[in-house]
Structures are given as structure tokens and as C-alpha cells.
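**Student:** Here is what each chain is made of, one letter per residue.
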Amino acid sequence: MSAAHGGQSAVGRLESPLTRLAPEVKLVALVTFLLAVAVTPPHRPWAFAVPAAVVVVVAVVALVPLRTLAGRLVFEIPVLALAATYALAGKGPRVDVVAGMTLSRPGVVVAGAVLAKATIGVVAVSVVAASTTATEMVRGLARLRVPSWFGDLVALSARQVEVLRAEAMRVRLAAELRGGTGRIATWRAVARGLGTLFVRGASRAERLATSVEVRGGIGSAPLVTAPTGASAVPPATTGQWLSALVPASLATVTLLVGLIA
Amino acid sequence: MHIPDGFVSLPVSLGGAAVAATAVTMAARRAAIIVSEKVSTLPAVVAAYLLVGQLLVVPVGFGTSAHLIGTGLATVLVGPAVAVVCVATVVLLQALVFADGGITAIGLNVVDDGLVPALVAASAVRVLWPLLGRRTERFALVAGVGAGLAALAGGLAAALVLVIGGTDVVSRATIVSTLGGAHVVVAGIEAALTAAIVATVLRLRPDLVAMARPPVAPVDPVELVDRRGATR
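Each protein sequence line maps, in turn, to chains A and B.
Its first residue numbered 1, the first sequence is counted upward by one per residue in this note's numbering.
Its first residue numbered 262, the second sequence is counted upward by one per residue in this note's numbering.
Be aware that one or more of the hints could be misleading.
[Stated by the list, open to error] Which residues of chain A face chain B? A partial, calculated answer using Cβ under 7 Å:
| id | residue |
| --- | --- |
| 1 | L14 |
| 2 | V79 |
| 3 | G90 |
| 4 | V122 |
| 5 | F198 |
[Unchecked claim] Now the stretches of chain B that chain A is said to cover, found in silico as 3 or more residues with beta-carbon under 8 Å:
| id | stretch |
| --- | --- |
| 6 | 301 to 310 |
| 7 | 355 to 365 |
Rather than coming from a laboratory, the hints here were simulated on the basis of the structure.
Computed from a predicted model, the values in this text were never measured in an experiment.
The beta-carbon is built from N, C-alpha and C at its ideal position, and this holds for glycine as well.
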């Protein structure tokens with residue numbers, strides 16, 4: 001995706017050791033790290049301190065702006081609601097917290113654990129997302145042997161999101177010009193706008209398919225071209241793969257110590 | 262609701278990933294995405310459309326808000342096979358780029374938000390529409406009902422996953438009632454919005470609504486022979 005089409009540009013972000021890392025390494029590190037964190041039992045709260053520290057250190061090294069992380073944490077609100085359900089409605093011995101309100105002790109332990117795991121997950125993913133463009137992510141998936149039809153689909157979808165968002169703003173503007181700003185908030189107007197957006201999107205898909213056929217079919221040239229030259233990210237070296245295993249190893253060691261101790 | 266990291270045990274997460282991978286591959290084969298790649302522009306656009314539409318956040322109550330998934334809408338518009346592939350793309354992009362939904366729970370989220378709602382919506386439409394005589398003006402209503410049922414089914418599937426693979430600290434009834442209750446509101450909104458959107462699309466471009474197209478009648482070989490007995 002080039003910046004001219006509104007895609008995520010590699011130019012605007014801060015260069016850090018993480019942006020130079022090959023995307024498949026980052027993806028493998030992310031998944032293995034999160035798997036190790038997911039298996040960590042909830043009874044040892046300090047066992048979450050190590051993965052949390054790992055994530056914070058990586059975030060600092062990656063020069064991720066704090067505002068980006070804070071924005072992503074908004075997605076945690078439903079997690080808070082579910083964790084609160086665990087704490088309030090859990091079985092087992094209850095603990096008196098504030099006058100009259102009791103919490104279930106095992107519920108609180110589990111709630112803390114799921115909150116910790118979810119937050120670590122959100123921050124880890126945000127760090128990887130902030131240091132990897134969508135195109136690099138798709139190439140990383142392709143190098144990890146994800147089937148090419150799915151990789152192409154993901155790449156094309158990511159590109160079309162920007163296109164559709166611009167289209168949605170145009171539809172909204174047209175509706176506003178026709179009916180005044182007060183009309184926009186009604187559900188009917190929203191539904192009509194979304195219906196129009198779908199029709200425009202599907203027409204665009206038909207035009208895209210025709211243009212691909214005219215150009216000689218999908219095998220001859222990719223719909224989303226990967227960056228080449230200076231902005232391309234070369235395949236991973238052994239050293240990079242070894243560094244990818246560090247976060248997961250730390251998390252696994254902590255988990256084993258937590259199980260044994 | 263997308264299940265975040267850490268809520269479900271590892272075996273259930275891996276099982277969900279396996280089910281999702283199988284289901285998506287089967288759906289892609291059925292939708293001819295793998296076979297003839299020339300049709301992959303529509304799934305990509307529909308996936309992008311779902312992503313843009315999901316930015317609509319709906320306050321549900323209890324201090325939380327949910328966002329519409331849109332699988333029912335996608336099923337009615339492009340058919341269940343393409344819809345499953347689209348939602349898989351959406352879940353992957355949301356988990357990797359927006360940190361919405363856990364990475365270890367991707368497979369489960371594809372099943373809860375994609376596979377189950379798509380199957381429920383398609384079945385509901387296929388059962389209800391003939392009951393209304395397959396009239397085009399009734400289709401939007403059927404689509405809305407199907408989408409509402411699909412959203413509810415997705416929420417119950419998520420509750421089931423949390424009951425099977427989650428912690429046993431909370432009773433099953435609590436989980437089911439909490440998640441189910443939240444999803445009842447979401448289902449109602451999805452039903453209304455889907456009906457309205459489908460009505461708009463039917464008015465503008467009725468050929469774009471896949472499940473409203475008349476089924477291709479199978480050709481009876483006997484009819485290919487005309488009166489004189491010669492084959493046409």
C-alpha cells in the first residue's frame with residue numbers, strides 16, 4: 001500500500017530496532033509469547049509481573065508513543081465488565097471490600113489474572129502493530145506459509161478499508177447537504193448510508209475484478225504491490241529468529257517457576 | 262464481543278483455531294475463492310465494509326458498549342460461504358492491527374462471530390422466506406430476523422466457549438445470562454439495521470443481494486425433448 005492511496009505509510013513512524021525486524025519474526029514472537037502468558041496459572045500474581053515488564057521494555061525500545069497505547073486500551077472496556085462479573089458473582093468465600101459490598105475471593109484472583117493477561121495481550125499487539133505496516137504484516141504472514149489466497153484477501157481488505165472510509169465520508173457529506181446535519185443521527189439515515197456504501201463498495205469490487213481481468217488475470221500482477229528497494233524489509237536472519245524467542249522464553253520460565261514454587 | 266487473551270484455556274483455544282481453519286478453508290472452497298481467484302475482490306470489499314461498519318459503537322448498558330458484527334448482513338448479501346471468509350479476515354485484522362480481540366482466541370472469535378452467525382442467518386432465511394412466499398418486498402424483514410437470530414446465536418456461542426474453556430469461578434448461569442443479556446440488545450439493533458440496509462440495497466441494486474436471488478431451477482432432462490420427440 002503506498003502512502004498516496006491513504007495506506008499506512010512507513011515514513012511517518014519512528015525508526016526503532018523493532019521496525020527493522022522482519023515481520024514474520026515479530027508475529028512468531030507475539031504468538032509464542034501470548035501462548036505462554038495464556039497458560040500462566042492465576043494463583044501467582046507476581047508471575048504476571050515478568051511478562052508485563054517484558055512488554056513494557058519492548059514498548060520502550062520500539063519507541064511506541066504513549067497515546068497510541070492509551071487509545072488501544074479503550075478496547076478493554078468489555079474486558080473490565082466481564083472481569084467485574086467474575087469478581088462480583090464468583091463462588092467461594094467472600095471478602096468484604098466496601099461497606100456492604102462483598103467480592104468473591106477466588107473471583108477476584110481470576111479477575112485480576114484475566115485482566116493482566118488481556119492487558120498484556122493488548123499492549124503486545126499494539127507494539128507490534130505500531131512497528132509494522134499492514135503490507136509488511138501480510139508479507140510476514142505469507143513467509144509463515146499462510147495460504148496465498150488468504151494473504152491476498154487480507155492485504156486487499158486492509159487497502160479497501162481506507163477507500164471505503166473515504167467513501168463513507170462522501171456519503172455522509174451528501175446526506176448532510178441534502179437534509180441538514182440534524183437528519184444524520186437518525187437510524188434510518190444511518191442504515192440508508194450504510195446501504196449506499198455497500199452498493200458503492202460492491203460496484204468498486206466489480207470494477208476491480210474487470211481491471212484485473214483486463215490486465216491479464218490475477219496471476220500476472222498482484223493487486224497490492226509490496227514495497228521494494230530501501231523500504232522493503234528483507235527476510236529474517238538467524239539472529240533475528242533467536243531474538244524473537246526471548247520474550248516467549250522469559251514468559252515460559254516465569255510460568256514454570258510459578259508452577260513449581 | 263471478541264474474546265480477549267487469557268479468558269479461555271489453551272486446549273479450547275487451540276481447538277477453536279483448528280475448527281476455524283477448517284471451516285474457513287471449506288467456505289473458501291465453496292465460494293470458489295481458492296479455485297478461481299478472480300472472485301476475491303468482492304470478499305475483500307465486503308470485509309472492508311464490515312470493518313468500517315463496525316466502527317459504529319452501540320451503548321449496551323452496564324457501562325459497556327458493544328459494536329455490531331454484521332455477519333448476518335454479510336450472509337444475506339453475499340451468501341454464507343463468502344461471509345465466513347470475510348469475517349475471518351475481519352477478525353484477523355482486528356486482532357493484529359487494532360488489538361480488538363485476543364491473538365490466542367482468534368479461532369474462537371472466528372467461530373463465534375463468523376461461522377455460527379452465518380449458519381444461523383442462512384438457515385433462518387432459507388426457512389422463513391419461503392413461508393412468506395419468496396416475495397421480494399418481504400425479504401428485508403426476513404433478513405432482519407435472520408441477522409438478529411444470528412447475533413444472538415453468536416453471543417450464546419461465546420458464552421458456551423467461556424463456560425467450557427473459561428474459569429469455573431462463576432456459575433454457568435451467570436455467564437450465560439450476562440453475555441446473553443448483553444447480546445439481546447445487540448441482536449435487536451442488528452436486526453433493525455440489517456433490515457433497513459438490505460431494503461436500501463434491494464432498492465438500488467437488487468442483484469447484489471445473493472440470498473434474494475431466485476434459485477436456479479434444475480433443468481429437467483425430459484423437457485429438453487420437444488413434441489416431435491427430437492432433442493433440443
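**Student:** Counting residues of the stretch 355 to 365 of chain B whose CB is closer than 8 Å to a CB in chain A, do you get three or more?
**Tutor:** Answer holds; 9 residues pass the 8 Å Cβ test.
**Student:** Should the interface hint for L14(A) be scored as holding, given a Cβ-Cβ cut-off of 7 Å against chain B?
**Tutor:** 18 Å, violated
**Student:** Once the shortest beta carbon distance from F198(A) to chain B is found, is it less than 7 Å?
**Tutor:** 6 Å, holds
**Student:** Mind checking, does the stretch 301 to 310 of chain B have 3 or more residues with a CB under 8 Å from chain A?
**Tutor:** holds (count 10)
**Student:** Less than 7 Å between beta-carbons is the criterion; does V122(A) satisfy it with respect to chain B?
**Tutor:** Status holds, d = 5 Å.
**Student:** Could you check if V79(A) really has its C-beta closer than 7 Å to a C-beta on chain B?
**Tutor:** For V79(A), the interface hint holds, since the closest Cβ of chain B sits about 5 Å away, which is under 7 Å.
**Student:** Given a cut of 7 Å on the nearest C-beta pair, is the interface hint for G90(A) held or broken against chain B?
**Tutor:** This interface hint holds because 4 Å falls under the 7 Å limit.
This entry does not satisfy hint 1, going by the numbered hints stated previously; all others are met.
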